[in-house]
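At position 11 of the sequence shown (counting the first as 1) the number is 11 in the working numbering, and the numbers step up by one without a gap.
Heads up, some of the hints might be wrong.
[Unchecked claim] Below, in silico cross-link-like pairs of lysine to aspartate or glutamate (DMTMM-like), each with a Cα-Cα straight-line distance of 20 Å or less:
(1) Lys18 / Glu110
(2) Lys18 / Asp6
(3) Lys3 / Glu47
(4) Lys22 / Asp6
(5) Lys15 / Glu98
(6) Lys83 / Glu98
(7) Lys124 / Asp90
(8) Lys22 / Asp48
(9) Lys86 / Asp100
(10) Lys3 / Glu50
(11) Lys86 / Glu111
Hints were generated in silico from the structure; no laboratory data involved. Keep in mind it's a predicted model, so treat the numbers as computed, not measured.
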Amino acid sequence: MGKYFDECRAFFDAKGIKYEVKDERCLAVSYSADNISSIRTLVIFDEDGENMVSLRAYNLIKVPEDKFAKMLVAVNNANNKYKWVKFTIDSELYINCEDDAILDLNSTGEEVYRLIGKIVGAAKGLFIEN
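Sequences are here, hints too, so could you generate the full structure?
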């Protein structure tokens, strides 16, 4: 396991943040916000142990086919409003959210936790506005 992965786990453990180890470079963290159910975010650390991380939240909303055009506009608007994350609609019509970042070893856990909060906040904004 890489040092950024280990630092993040140590921070989460110290703060009592629950997570699941998916493999040697991936954590799954569930996070809730007002008026929305838990959002599960995958935190994927660089396979070479570098200071890069990708965060992915899948299946946030299932888009009904008859609402696809409306939600495509909503996703585009959300991408313009929330510049630090990217929303997509996949081939099964689920809205997903992603973020990538460069980490500082001394604040890895804090940074990752803040990024998860940003994904949840952006998803909450998308839910409320639509």
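> Against which earlier hints does the structure fall short, listed by number upward?
Replying inline: Number 5 - this is the single hint that the structure violates.
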